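Residues per chain, in single letters:
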Amino acid sequence: MNETTIDLDRYVDEVRKALADLPDDVREELTEDLGVDLAELVDERGADVLPAPEVYAAELRSAAGLAPGSGRVRERVFARAVTDSVDAAHAHWDRLLDALPAGGPRGFLTAVQPVWWVARAWVAWMVAQDLRQPSVELNGPWIAVLVVFVVASVQLGRRSWGVDRLLTASVAARLLLVALNIGAVAALPGAVDRAVWQIAEDRGASIWGEPWYELAAPPDATAP
Amino acid sequence: MDSTQLLKGVLDLAVLAVVDAEDGYGYDVVRRLRAAGLDDVGDASVYGTLRRLYAAGSLTSYVVPSESGPHRKYYGITPVGRAELKRQGDDWQLFSEAVGRLLDTTTGSAR
Numbered sequence: 002m003n004e005t006t007i008d009l010d011r012y013v014d015e016v017r018k019a020l021a022d023l024p025d026d027v028r029e030e031l032t033e034d035l036g037v038d039l040a041e042l043v044d045e046r047g048a049d050v051l052p053a054p055e056v057y058a059a060e061l062r063s064a065a066g067l068a069p070g071s072g073r074v075r076e077r078v079f080a081r082a083v084t085d086s087v088d089a090a091h092a093h094w095d096r097l098l099d100a101l102p103a104g105g106p107r108g109f110l111t112a113v114q115p116v117w118w119v120a121r122a123w124v125a126w127m128v129a130q131d132l133r134q135p136s137v138e139l140n141g142p143w144i145a146v147l148v149v150f151v152v153a154s155v156q157l158g159r160r161s162w163g164v165d166r167l168l169t170a171s172v173a174a175r176l177l178l179v180a181l182n183i184g185a186v187a188a189l190p191g192a193v194d195r196a197v198w199q200i201a202e203d204r205g206a207s208i209w210g211e212p213w214y215e216l217a218a219p220p221d222a223t224a225p
Numbered sequence: 062m063d064s065t066q067l068l069k070g071v072l073d074l075a076v077l078a079v080v081d082a083e084d085g086y087g088y089d090v091v092r093r094l095r096a097a098g099l100d101d102v103g104d105a106s107v108y109g110t111l112r113r114l115y116a117a118g119s120l121t122s123y124v125v126p127s128e129s130g131p132h133r134k135y136y137g138i139t140p141v142g143r144a145e146l147k148r149q150g151d152d153w154q155l156f157s158e159a160v161g162r163l164l165d166t167t168t169g170s171a172r
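The listed protein sequences derive, respectively, from chains H and G. Under my numbering, the first residue of the first sequence is numbered 2, with each subsequent residue one higher. Under my numbering, the first residue of the second sequence is numbered 62, with each subsequent residue one higher.
FYI, nobody ran anything at the bench for these hints, they're computed from the structure. Be aware that a few hints might be false.
Straight line, CA to CA, 27 Å or less: simulated BS3-like cross-link-like pairs of lysine-lysine [claimed, not checked]:
(1) Lys18/H with Lys147/G
(2) Lys18/H with Lys134/G
(3) Lys147/G with Lys69/G
(4) Lys134/G with Lys69/G
(5) Lys134/G with Lys147/G
On a predicted model such as this, the values are computed, not experimentally measured, just so you know.
For reference, chain G alone in the conformation it holds in the complex (with noise of 0.2 Å):
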């Protein structure tokens, strides 16, 4: 299935609930994305988007000193990304249900 259009709304949702679980850098909330089941995630997209969230106030962040190759710029939540995130998930929850809702009454078995 191609998620991409689907991802591109929750992408600020996702990324925020991968940082709130543990701080991270940039290709390291890739990868928990895409260990997480969104395949498609595009590396540009999350390090796009983690830079509008910390430009948001949503996301802080601190330098990491490397010993092999460049720093690891660290990612963690802050108290406006938290009520965010809580916002956006409570959206999110309502929305999915509602689909959710839709598809059971007209296939009967979606999913």
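Bound-form chain H, shown alone (with noise of 0.2 Å):
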């Protein structure tokens, strides 16, 4: 009994996954309450007679008068099942946060929220400055560029732009989101390690009039 049961769970699920792609309240319609219909149908005529979920979802749909599923189902259903794991993801974030005490620090992270969208665009910037040369400049061209990559940051940290409607409709733009916020904590200690050490550097050149420290350096320590 209790083996049945926890097949029939299951079962539905299934159904449930073969009609992910149709809109939220037409398959809450179509499915709710099915584990109570399945358990009256299997006590009627025994478990054999259920056919594959994917079938019975198929007839389901077919009854309602809906076009047969496409076989972008499979691909709807992936998206949809990483979309529920991100959501999932961050209603645990907000859970962990609110569980906190001292009288909410999600506000306060909200308000320095700001903060880590202009940091995240610095560190790319540095990064950027990586890919290109070995020192960091901080000249015309490269403040234009940090300009443009902090607007750019701040935009999307706003989800202006367009950008909510595509974090909302696309499963691909939102990873790639939650990827380069992650990239950026990343690399973030690291860029402050090469700005410590450009500081230091453009010290040293001030005192000592030159590069001194490539002088002083061994010759394949400075090979790139």
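Make one complex out of these two single chains by using the hints.
So this is what it looks like as structure tokens:
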């Protein structure tokens, strides 16, 4: 009996998955209390009357006058699963924050969020510099690049420029944003380190009047 | 004859008619539809139709405990459902008469 219940739960899940491309309310309408109905059917006629979940889903679809599921269903099922897990992770993070004492660190974090938007733009700028040249330049073109990065990052953070719609529509865009943020967090210490070294190098150069560190270093250490 | 395609269009009507005659649970409705001659009707189609009609307010439902096995979810018709049955029933009557007349004039001996 217990085993049947578990199997039916999984069966219901499979049916729902096969209908994942439908709007939420339509799918809910078609599968609400499906478990109860299946339990009744199995009780009347035995478990072997149940077809494969996909077949059952196709019959539900067809009886409701909906077009058959396209080949893209599997793709959309995957996309939905990814979206769901990103949503779940986000909700988990929110809950974690809310569970912390001391009057809502969430409000504080929301307030300092713009700082992060600027910081990640700066990290991207440092990475770009690192890819282009050995030292950090602070000239006109690079300042222009920094401004562009900051504006883009802030607009991304504010969900402007249709970013909001893109993130709702495209799982890939959402994953890319998550990946970029994680990348920025990972690259932050390196960027800070590089900046600190650059400041030290500049200070040394201003004292010694020449790139002393390059002269002092053994030749193989400066090779890129 | 494969009546699956024909059935699709009138399943709502058929289910409403069966439940209007007497309240019933899912498989009971399936059985009564088949007994009435709609042999090709599928379990999932009927269960799905019951759920859709319920969501649309055409049916009401209540649970009847069963001593052996799971509880039975019974469906009954609502005034909304009865109005729908009347409307769709009239449509069907007109439609089938029209098709019947067509068959009579073209073959002379339909059915």
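Each hint, compared with the structure:
no. : hint                   : result
1   : Lys18/H with Lys147/G  : violated, 36 Å
2   : Lys18/H with Lys134/G  : holds, 24 Å
3   : Lys147/G with Lys69/G  : holds, 18 Å
4   : Lys134/G with Lys69/G  : holds, 24 Å
5   : Lys134/G with Lys147/G : holds, 25 Å
The earlier numbered hint that this structure contradicts is number 1, and it is the only one.
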